[in-house]
Amino acid sequence: MDLAAAGVDALRAAIAPATAAYALAALGLNLQFGYAGLLNLGHAGFMAVGAYGLATTVAVFGGGFWLGVAVGLAAAAAFGLLLGMPTVRLRADYLAITTIAASEILRFVLRSGWAQPWTGGVYGLQRFAEEFYALNPFATSNNYAIGPVVVDARTLWLMVVGWALVAAAAVLLVLLLRSPWGRVLSSVRQDEDLARSLGKNVFAYKLQALVIGGVLGGVAGILLAVDQQNVNPDNYGSVVTFFVYTIVILGGAGRAMAPVTGAVVFWLVISATDSVLRQAVDSGTVSWSWFGPQQVGVARFVLVGLALMLIVVFRPQGLFTWRRRVRT
Amino acid sequence: MRTRLSLLSAAAAAAALTLGACATSAPADGGQTADGTLKLGWLLPQTGPIASLGPPQIAALELAEKDINDAGGVLGKKVEFVGGDEAGDPAVASQAVDRLLSQGVPAIIGAGSSQISLSVIGKITGANVVQCSGMNTSPQLTDYPDNGYYFRTVPSDVLQGAVMGNLIAQDGATKVAILARSDAYATGLANTTEAKLKELGVQVVARVNYDPSAQNLTAEVRQVVDASPDAIVMFAFDEGAKLLQGLIQSGYGPDKVKTYGTDALPVASLPELVDANNKAVLQGMKLTQASSGENSPFTQRLLEYQPDLSTTAFSPYFYDCAVIIALAAEQAGSTEGPKIRDAIIGVTRDGTECGSFADCKKLISEGSDIAYVGAAGPLRFTDAGEPSTGLYDILQYDANGATKTLDTVREGTN
Amino acid sequence: MTNATVTATRAALPRRSVVVLLAVALGAAATAAFASPVQVAQATLDGARFGLVIALSGVGLSLIFATTGLFNFAHGEFVTFGAILAWLCNVMLGLPLTLAAAVAVIGGAAAGASVEYGIWRPLRRHGVGLVAAIVVSIGLAMFTRHLFLFFFHGQSRSYREYTVQQAWHLLGVQLLPKDLVTMLVALAALAALGIFLKRSRTGQAVRATADDPDLSQASGIATDRVVLLVWSLGGALAALGGVVLALDDQVSWDMGFRVLLLVIAGVTLGGLGTVRGAIAGGLIIGVVTQLSTLWAPSELKYVFALIALVAILIFRPQGIFGRAQRIG
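Here the protein sequences line up with chains D, U and V, keeping their order. In this text, residue positions in the first sequence follow our numbering: the first is 1, and each later residue adds one. In this text, residue positions in the second sequence follow our numbering: the first is 1, and each later residue adds one. In this text, residue positions in the third sequence follow our numbering: the first is 1, and each later residue adds one.
Be aware that one or more of the hints could be misleading.
Unchecked claim - Covered, in the sense of this in silico footprint (three residues per stretch, anywhere, with C-beta under 8 Å from a C-beta of chain V), are these stretches of chain D:
#1 84-91
#2 108-121
#3 236-250
Hints in this document: simulated from the structure, not taken from any laboratory. Yeah, the Cβ is synthetic: ideal placement off N, Cα and C, and Gly gets one too.
Construct all of the structure, not just a fragment, from the sequences and the given hints.
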């Protein structure tokens with residue numbers, strides 16, 4: 001068993017562009033869930049909208065990459081408005097169902113034959129980020145080493161851009177949350193009725209939080225799409241949303257920079273566990289008849305489910321101090 | 001607070017820049033290590049929905065590694081495979097590819113699923129690494145702009161669709177209903193089959209695309225039945241069992257209507273899944289599959305090497321991927337990705353035919369042009385890097401629930 | 001609620017039932033524009049069967065929500081559990097399916113009780129909020145589902161009996177014996193539940209807790225025991241739902257998860273907290289899904305059910321038979 005190799009793999013996963021994307025998505029979800037108290041179970045939908053906005057603009061309509069990015073962001077904002085206006089005023093559980101339903105509707109539509117001319121249907125869309133990679137300042141024939149982790153030039157470029165985006169987003173969020181706007185949002189979370197009685201338009205604040213968080217989700221989707229140069233509707237199922245929730249809760253919902261740590265730790269642990277389990281099975285260290293290579297892939301989901309439960313229960317970090325809603 | 005914030009932003013920016021700055025250049029060395037081994041990568045379904053198809057390919061690559069090294073290796077270096085799991089999940093596959101690329105491999109063999117290949121092809125070919133698959137049949141991959149780095153030894157489903165269409169027409173069907181899973185694999189195959197049927201003047205009375213995640217498929221079965229077909233062809237995975245149950249119960253089972261499928265169905269266990277009490281439930285149903293040369297010398301050798309394999313599907317194609325990559329390196333005199341890419345098409349056509357790595361290597365050392373005839377037959381790559389011709393088996397279920405090979409058909413230009 | 005309100009609501013119920021039936025009939029009639037009467041009748045029958053299975057699977061979710069306020073996103077796993085347990089008894093142990101189904105129902109009850117006793121009751125005691133509890137249920141769902149995958153593996157399997165049957169034909173419409181049995185079993189179970197809730201003392205205690213938990217507890221109703229009963233019933237009925245679902249659609253590790261959104265749609269549409277609502281909502285969702293395939297591509301058949309769900313949550317969140325409650 002090569003634990004050193006497993007460690008390097010885990011480090012690589014921890015700083016990968018995909019991790020940066022999940023960090024962005026988590027920053028957005030944290031704003032919606034941790035700060036505004038919106039139980040948005042459709043976050044994958046925002047990521048899909050951002051990614052498809054870019055991919056469709058470039059691959060189907062021949063637009064430029066940066067135009068595609070703008071379209072993706074605008075689409076994510078629009079999706080947030082469309083979703084939010086009728087549902088933000090609903091109670092948490094109804095909002096949860098509505099958002100997950102909306103996200104699934106979106107996924108069905110994206111993969112349908114009817115939408116194929118624009119979305120590629122079940123095939124998805126590919127090859128829409130060439131312009132971005134052309135800007136790569138690192139020589140593509142080389143590999144690069146960051147400590148023990150070796151990556152190729154394309155990945156390095158994407159990592160730099162991705163983590164810079166994460167930094168920018170985190171800083172912007174911190175600024176936003178310390179502004180008057182952020183203070184009102186905080187008061188809404190703590191006592192909505194009080195905020196309302198003081199004349200604050202609670203609905204508007206929540207909607208804005210949903211949209212801003214959604215746009216961050218859109219950026220995450222764009223980053224993931226550029227990493228793979230591939231968008232496919234099945235990559236945006238509810239599992240993705242649940243992963244992002246785990247990240248937010250892992251980091252400690254409601255604290256500004258926490259989603260970033262959450263994302264890094266999440267992928268570090270998942271990747272390490274995967275590597276170790278895989279090696280254990282491959283090398284024969286573990287040779288139970290019921291635990292073969294097929295079971296290794298399942299382990300990550302079992303872990304995530306367990307983590308979600310245990311962390312919420314044992315380390316809620318101050319998020320869950322809401323008054324239980326009185327019914328009737 | 002301002003100071004802390006500006007410190008925070010400065011730190012964040014610095015971290016991002018440091019990433020780039022600290023990255024020290026490590027020239028891609030074509031996967032060669034100091035002790036003279038050539039590392040090649042593979043990306044295969046060890047876990048996930050098609051995990052049952054993983055073991056034969058891994059065994060085939062191990063066999064290839066042995067054959068190549070026994071013949072003296074590539075350019076004097078021993079070949080060593082390093083692998084990653086595609087796991088039926090683009091995120092996992094992507095991480096596996098990152099790991100493989102970090103080891104500087106000049107070529108990655110895989111993936112198994114067309115959909116996964118589509119999600120990693122940008123990453124692999126963009127890093128100037130050759131990708132070769134023995135299982136991707138989606139027509140999407142033919143024209144994918146990959147700078148020539150993507151190859152496959154198994155023919156595109158354009159060919160299998162033609163085989164299926166011909167088969168149905170030859171059996172005398174006049175009204176065909178098509179049931180297709182709505183995903184990259186089945187939709188493409190269904191499209192090419194439909195096109196072929198139309199070309200042959202056979203009427204397609206129903207084309208039903210169903211959602212793969214649907215739990216209940218009654219409505220889809222009804223749609224097919226309502227069209228009163230005399231032949232039904234389904235492009236499905238294990239939900240095909242549900243579909244067949246529904247069709248049989250509606251009076252449109254294989255005993256009443258010509259029924260066709262492909263090897264994407266769980267072929268060996270299908271009769272039991274449909275009706276455990278009736279082994280002959282699917283008698284007469286025909287399947288097409290990319291020929292794995294049921295009794296070919298290669299399959300026999302593979303089963304000798306690993307007798308507990310439950311299937312040998314696609315294994316010769318992956319073996320061939322390994323061999324042509326090795327031969328291309330020999331031919332080009334280099335183990336770098338771009339050079340291998342340039343030489344691959346040439347080793348599959350326009351030259352003296354040879355049937356094994358050892359024989360072909362000998363011919364190359366004598367200065368000849370070679371045309372490798374693979375474990376699955378001659379390859380004769382088109383300029384797009386895929387076979388122009390394919391061999392397909394036509395199987396049929398008998399009264400014991402087993403399949404017999406009726407015929408083996410070659411499709412495509414010779 | 002005052003006497004006047006009670007009488008008014010009671011009078012409204014039959015009226016609402018008639019409205020529902022009329023709406024379904026109208027929808028069926030409208031579809032006749034696209035398809036023959038026989039096809040419409042067949043689709044309605046198929047939809048009724050599927051709808052009743054949804055109702056059976058979801059009524060537990062509905063009651064759990066009404067009595068505890070928790071929206072249990074792990075409810076689909078009871079469905080899977082029942083189907084798998086029945087499969088184990090039927091295929092591995094060779095028991096006849098009817099007996100296997102009974103075992104599954106008992107197993108489901110035990111599972112429901114254990115989950116309440118071991119997870120939800122301690123969480124309630126520790127004052128974990130409802131939103132947090134929903135997130136825990138999501139984690140529990142992911143954890144359990146992948147444990148099923150771990151042990152049952154990915155491929156779907158059938159029971160040994162009742163796999164392929166001869167259909168009856170009535171006026172061109174086809175009915176399988178097992179489908180008739182499914183519908184009767186589901187109706188019987190739901191009716192029994194309804195009668196239990198209305199007539200028996202324990203049932204009335206359940207309804208009282210659903211109406212007002214604090215008041216019920218103050219009146220001396222052992223709320224904890226009531227909740228335990230509701231979870232057991234919910235688990236048992238969902239397990240039964242899984243067995244009948246698998247009769248037509250086979251046993252697989254994620255079968256419950258696949259129908260979860262539809263089940264949620266059904267019970268929400270009908271009105272959370274009422275058996276009548278579960279039946280009505282389930283039937284509507286089932287019939288809408290099947291009828292839609294007569295005029296729209298069948299890959300989109302669930303979209304219409306989901307759109308109905310979103311619409312109902314926006315315009316009338318209490319559903320058809322539910323009572324208007326504070327929604328924000």
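Notebook entry, point to check: Quick check: which numbered hints come out false for this structure?
Noted result: Structure breaks no hint.
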